[in-house]
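From first to last, the protein sequence lines stand for chains R and U.
Position in the first sequence (from 1) plus 1 gives the number in this note's numbering.
Position in the second sequence (from 1) plus 1 gives the number in this note's numbering.
Note that these hints are calculated values from the structure, not bench results.
Some hints here could point you the wrong way.
Any copy will do: because identical chains look the same in the list, a pair fits if it lies in one copy or spans two.
Below, in silico cross-link-like pairs of lysine to aspartate or glutamate (EDC-like), each with a Cα-Cα straight-line distance of 16 Å or less [claimed, not checked]:
id, residue 1, residue 2
1, 400, 303
2, 113, 214
3, 33, 378
4, 207, 304
5, 16, 240
6, 323, 283
Protein chains: 2
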Amino acid sequence: MQKILRSLVQKNNSKIVLVVLDGLGGLPVNGKTELETAATPNMDSLARASACGLHIPVAPGITPGSGPGHLSLFGYDPLEFQIGRGILEALGLGLEIRKTDVAVRCNYATIKDGLIIDRRAGRIPTDQSRRLTERLQKEITKVDDAEITFAAGMEHRFAVVMRFPEELEKDAAQLPDTDPQQEGKAPLAPQPLSKNAEKVAATAGKIIEQVHEILKNEERANFALMRGFSGMPDIQTFEEAYGLSSLAIATYPMYRGLATLVGMHAPVLEGTVEDEIAFLKEQYNKYDFFFLHVKKVDSYGEDGNFAEKTKRIEEFDALLPKIMELNPDVLAITGDHSTPALMKGHSWHPVPILLKSPYVLGGLCSSFSERECTKGELGIFPTVQLMSFMLANSLRLKKFGA
Amino acid sequence: MQKILRSLVQKNNSKIVLVVLDGLGGLPVNGKTELETAATPNMDSLARASACGLHIPVAPGITPGSGPGHLSLFGYDPLEFQIGRGILEALGLGLEIRKTDVAVRCNYATIKDGLIIDRRAGRIPTDQSRRLTERLQKEITKVDDAEITFAAGMEHRFAVVMRFPEELEKDAAQLPDTDPQQEGKAPLAPQPLSKNAEKVAATAGKIIEQVHEILKNEERANFALMRGFSGMPDIQTFEEAYGLSSLAIATYPMYRGLATLVGMHAPVLEGTVEDEIAFLKEQYNKYDFFFLHVKKVDSYGEDGNFAEKTKRIEEFDALLPKIMELNPDVLAITGDHSTPALMKGHSWHPVPILLKSPYVLGGLCSSFSERECTKGELGIFPTVQLMSFMLANSLRLKKFGA
């Protein structure tokens with residue numbers, strides 16, 4: 002489908018804004034969902050004049066992670082383009098990934114007499130772990146011709162990116178985990194599953210050795226286990242796929258990272274949603290497509306905090322007029338998945354969406370909510386089709402056939 | 002899917018009538034679409050008792066041409082069966098296409114000292130172009146063993162069909178355009194891209210040569226450029242696919258032509274919609290399936306004439322009782338795509354449909370419109386599934402599995 006889209010793409014001066022309220026969809030508590038409970042006069046009014054519906058990020062009944070949820074919003078089938086765990090971890094910790102790189106997520110572990118006695122090094126505190134990781138980075142910056150980058154995570158977790166001098170083959174990261182998944186066993190050596198993975202295996206082996214040498218006197222964190230070896234997915238950029246120059250506006254590294262995977266420009270940004278919208282305004286003339294990510298809605302959903310999730314939705318709604326002032330040709334407001342506070346986590350439920358453009362029927366939904374969106378003209382559709390709708394509504398697609 | 006359908010098809014005496022109001026779907030102007038604005042008491046009453054919904058001709062967000070729109074209505078996936086530009090042009094000009102044929106659309110051009118100085122021969126007037134084309138037809142009727150047919154189009158456009166003595170291989174029309182797309186360049190020779198295309202290339206080359214010889218003293222139209230070489234698509238007939246004898250009732254050559262591609266009988270017909278319905282009555286005992294095409298709804302949509310498009314819908318509605326008198330077992334009323342007057346052209350919007358049969362729920366829509374159809378029992382579905390619905394409702398499909 003993306004192939005057909007690409008053959009129909011035409012350029013114009015239209016602006017598309019995609020607002021992702023992370024984890025937007027919810028479930029009723031005392032009869033109403035978070036979105037139904039929130040006072041959202043601006044989104045309600047917009048919903049009345051917009052094309053509305055619900056979308057399914059991966060497949061019916063499937064709960065998406067953030068990676069698949071966003072890839073799907075960007076028009077990439079998340080079943081076809083699977084992002085490795087190492088890549089996701091590295092992106093989440095703010096590392097940049099290129100086609101020359103292999104990323105891997107690591108655990109500090111405790112090893113004694115060649116056997117693992119704690120796969121998580123007693124879940125050492127984050128600040129201690131951070132100090133160790135900084136020490137490793139100081140002492141290990143290059144292994145053979147590969148540049149090595151470490152990034153500290155929570156507790157015993159960290160990530161490593163190996164950057165080689167040349168672009169890697171597709172199967173260069175084909176290595177199973179070195180974590181034997183069981184205490185009392187020896188760690189596994191990095192084992193190449195393809196010819197092209199041999200170099201990565203050798204580099205990883207040397208890193209593990211050097212890490213152990215540096216940390217050998219640590220009481221708990223004296224070893225590193227590696228999981229989720231992965232390379233950059235072979236994916237078309239937004240520019241290639243849709244002819245769109247694109248900007249990601251996100252304060253969390255993971256979402257900027259996901260955006261960079263599809264070639265979006267994703268500068269480091271800190272601050273509030275208001276700051277994000279200010280940045281959108283500032284950059285508005287420079288790009289065709291804007292992905293604006295609002296994290297906190299999901300965070301409170303994950304905490305099971307219905308009231309705070311509701312409040313964050315209200316906060317965004319109050320800021321919406323600032324986006325409307327820009328009068329984008331197409332404005333879509335939705336989430337990357339549902340995170341009902343009731344479930345304290347991501348869920349499989351279709352995600353409500355409103356799509357504002359001059360070319361919609363509108364008039365079918367009285368407010369913006371999961372239940373009202375079932376009445377909308379978009380129906381319930383696979384998330385991966387959203388890019389088609391946004392491109393069509395910005396008149397960026399030619400006719401198919403004569 | 003068509004394969005499964007075919008294995009389930011059974012014959013009976015039911016009659017199916019598919020009415021295509023070309024470009025039916027619209028968008029609101031002053032709050033209402035064309036179909037919502039039109040006074041359509043007959044379709045409204047039918048919609049209340051019918052299965053209603055909206056269908057997507059090609060894919061979400063994709064604007065279909067007439068070819069894909071109709072193929073899809075006939076149950077052929079328009080992404081799988083793509084109709085060449087030469088074929089569409091020839092069909093539109095009233096030529097008949099067989100499996101022995103290659104069709105190509107042509108431009109009159111101006112050539113001087115071997116270089117093209119005007120790719121459109123100054124857009125010569127249609128009547129002048131017509132005279133030239135008649136002259137060519139008079140002088141060129143056969144090249145080697147191929148019969149050659151010319152058909153005049155608008156301004157500098159015309160079409161050529163080469164009819165060979167035998168059925169052609171699939172890749173026999175694999176030739177790039179001879180139009181270099183730029184003035185100041187020499188025209189390209191017909192270049193076979195496959196072994197089977199060599200014969201077509203040779204014939205095309207001789208036609209170009211003879212045309213130039215005949216027209217060499219013309220001031221402007223002294224050469225022919227060829228584009229969109231294409232053969233008959235390899236497509237099952239309606240009889241093969243569904244066991245249906247079928248009649249196309251259409252006053253525009255293009256739509257009769259599209260119907261003949263799937264093996265419908267499509268006699269030349271002129272006149273009004275009333276004449277088309279009279280012809281339906283006259284032929285009603287002779288076929289199982291009737292495709293009745295109403296062109297003008299689309300034409301006024303393309304012109305951006307909201308009021309006239311509305312009026313043409315009303316005109317059809319007033320005639321609907323004459324079709325109802327026949328009491329077809331299944332009657333579907335829909336369009337091949339949307340043509341909102343607001344957009345002055347085809348669009349990607351799902352097309353409203355009502356399907357009358359004894360085996361529907363009904364009672365879900367209060368009138369026939371884009372918005373009411375969102376409430377219908379058919380939901381929003383790919384157009385290519387419509388044939389299944391029509392066959393099922395005429396009890397022409399056996400049970401699948403035991």
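Hints, one by one, checked against the model:
1. 400 x 303: between (43 Å within a copy, 14 Å between copies)
2. 113 x 214: within (13 Å within a copy, 81 Å between copies)
3. 33 x 378: between (23 Å within a copy, 15 Å between copies)
4. 207 x 304: Neither way: residue 207 and residue 304 sit 40 Å apart in one copy and 71 Å across, limit 16 Å.
5. 16 x 240: within (14 Å within a copy, 48 Å between copies)
6. 323 x 283: within (12 Å within a copy, 62 Å between copies)
Checked against the numbered hints listed earlier, the structure breaks hint 4 alone; every other hint is satisfied.
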